[in-house]
Every structure is written in structure tokens, then in C-alpha cells.
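The listed protein sequences correspond, in order, to chains A and B.
For the first sequence, counting from 1, position 80 maps to 80 in this note's numbering; every step adds exactly one.
For the second sequence, counting from 1, position 97 maps to 97 in this note's numbering; every step adds exactly one.
The set of hints was computed from the structure by calculation and includes no laboratory data.
Examples of chain B residues lying across from chain A (beta carbon under 10 angstroms, computed):
# : residue
1 : A88
2 : S177
3 : M178
4 : F180
5 : G188
6 : Q234
7 : F238
8 : L241
9 : I244
Each computed DSS-like pair below joins lysine-lysine, with the alpha-carbon atoms no more than 27 angstroms apart:
#  : chain 1 : residue 1 : chain 2 : residue 2
10 : A       : K88       : A       : K9
11 : B       : K64       : B       : K92
12 : B       : K56       : B       : K69
13 : B       : K154      : B       : K143
14 : A       : K40       : A       : K52
15 : A       : K57       : B       : K92
16 : A       : K57       : B       : K143
17 : A       : K57       : A       : K40
18 : B       : K92       : A       : K52
By construction, the Cβ of each residue, glycine as well, lies at the ideal position given by its N, Cα and C atoms.
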Amino acid sequence: MEENVVMAKAIVLAGQAIGAGLAMIAGIGPGIGEGYAVGKAIETIGRQPEVKGDATKTMFIGCAVAETTGIYGFIVGLLLLFLNPFLKYLG
Amino acid sequence: MRYSRIFSERKEDKLTNIEVQGPRVSFVIPIGNGIAITESVVIGWALIIIIAIICKVLTANLKKVPETKRQVVAEWAVSFVNDMVADAMGPKLVFFAPYIATIFVYALLGALVSMLGLRSMTADISVTLTWAVMTFVIITFYKIKSDGILGYLKGFLSPIFLMAPMNVISEVSLPVSMAFRMFGNVAGGMIITALVYGALSAATSALGLSIPILTVGIPAVLSAYFDLFSGVIQSYVFIMLTMINVGMATGEDS
Chain A
1 MEENVVMAKA IVLAGQAIGA GLAMIAGIGP GIGEGYAVGK AIETIGRQPE
51 VKGDATKTMF IGCAVAETTG IYGFIVGLLL LFLNPFLKYL G
Chain B
1 MRYSRIFSER KEDKLTNIEV QGPRVSFVIP IGNGIAITES VVIGWALIII
51 IAIICKVLTA NLKKVPETKR QVVAEWAVSF VNDMVADAMG PKLVFFAPYI
101 ATIFVYALLG ALVSMLGLRS MTADISVTLT WAVMTFVIIT FYKIKSDGIL
151 GYLKGFLSPI FLMAPMNVIS EVSLPVSMAF RMFGNVAGGM IITALVYGAL
201 SAATSALGLS IPILTVGIPA VLSAYFDLFS GVIQSYVFIM LTMINVGMAT
251 GEDS
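So here's chain A without its partners, still in its complex pose (with noise of 0.2 angstroms):
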């Protein structure tokens, strides 16, 4: 009997750690979309030198927007590995 719940324990900590692995696939996109940020800001300020400032202002602001899905996830993943939110619906 004890097994079983050690086991049922078990499964639930390898789902929570698999799961907290899949949340951060959403590292893919803040990582392209902010690489492709940058790389057009700097495309404009080698065009217009003058707005390098205006231009880096607003790649940051686009870039923490962008970021915003990432820390979602990461906070998922977090959770999941920090908190064990699943272990109590064992009983």
C-alpha cells in the first residue's frame, strides 16, 4: 500500500519535471522575435545613425514586450518545480 502512494508520488514529480522542461519551449519565440529586434534596429541605425537613440529605446521596450511569453513560461516551469502544486491531489 505504501509503494503504491510512493509511486503515485513518483509518477507526479516526473510529470511535474517533464512539464516544467515543455514550458520553457516558450523560450523559442521571445528568442527569435527579440534576435530579429535587434538585428532590424540595428539595421536602421546603420541606415539612419542619427535615431540610434530613439531606435535602442524602442528595440528595449519591443524587447521586453516580446519577452513576456518566456517569463510566462518560466514562471509555469517554475511553479511546477518549486511549488509541487500537483502532490496534494493525492490525498
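With the hints as your guide, set chain B onto chain A.
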């Protein structure tokens, strides 16, 4: 029984012994069930006192033509924030500058206290969510002020009434995303630094070295990136988004 050994071993494992928790409770005020005062609140009040003292010192006996260095510094700081707000929100909304400056200085110092070995204040979701909700209240106030309460409510039904749930979600997601962005960045940096530090100390003990050589330089680089760079950028982004959103809500775009 076989599996329970795994769990008992897991607790003694060096790598999983890293403390990744919310802010500790510093003390409890004995009112009612007891109000728990966390580290973030204590650090926050310490910062408020420090900032107040700095402001008091910088603005002591001002002259029309600056004679002292501290007046020059104070004037530079004020005109810097004023110019930034006028640039982002338009010259009519410069009266927001004190609010923006308050959040900026508070967030900046709150993130930078981690350089002193304290827990970063913005790595607490309560702190960032408080600021985000404050901004949300201001945004809603100005939306209602410019459109009227009926116009504001009607805005949820555009383009057609079926979109109302979507509009509500997009409205609420603004403070949530602002809070989580800042929290996630700073807390993530803190956790990654802690994990790398734990891994390096585990690696040194695995190599059989008694002196933790590997933990000397590498965590400092990470700390410089996550605490310094990320803290400053996130504070800047937070006030920038505040200014842009409030500016859009007032309908007076520059």
C-alpha cells in the same frame, strides 16, 4: 520501500538543497491573526527612508543660481525625468513625472539591493503586482475621464458585443503582464544564480578540492548581468510601459 529511498536521498542531495523560496517573514505584528511583515516590506521601508534622506539633503537651501554640487545633481535628476516624461507622454502630462520618478527610483534600488546580498525587492510578486495595479488604476481613471463611464463600458463591446470577454481579458492582462515581466526577470535571475552557485560548489566538492575555487569568479559575472543589467532594464521598461499606456489612455498622444 524501494522508491522511498529515492526521496530520502533527494533531500540530502546538495543540488536540491538550494533555497528557492519567497521572501522570508521578518516579524509578525500581533493584531488579529497576526500580520506577517516580509523581507520585501522591511527593505522597502528602509529604501523609502534612504531615498527621503537623499532627497532632503539634495534639496536643502536651494538657490536660484546653483552654487553647490548637490543642487546641480538635483536639478539634473529632475530635468532628466521631466524630459523623459515629456518625450514619452507629451508636454501636457509632465505632472506625471513625480509618480514615474518614484517608481523608477524605487524599482531600481529595489532590484539593486541584491548587490548587497539582500533579497531583491522586485523578486516578490506582491511588490510588482502592487505597482502594476497602481498603474492600472491610473489608466482606468484616465480612460473613464476621457470617454465618460458609459463610453468606457461601451469600449468593451467593440467591435461587436461577442468580443466582450476578450476585451475584459486584454484589459486585465496589462497589469498582470507588467507585474509578471518584472517579477519573472528578477526572480529568474536570482534562481539561476543560486543554481549555478550550488552546481559550482557541488563540482568543487566532487573534484575533491577543499577550497571552493570554482565559485570565486563565475557567479559574480552572472550576478552583474542579472542584478545590474536586468534590474536597470526592467525598471526602465516598467516606467516606459507605464508612461506609454497612461499616455494612450488619456488620448493625448504626443
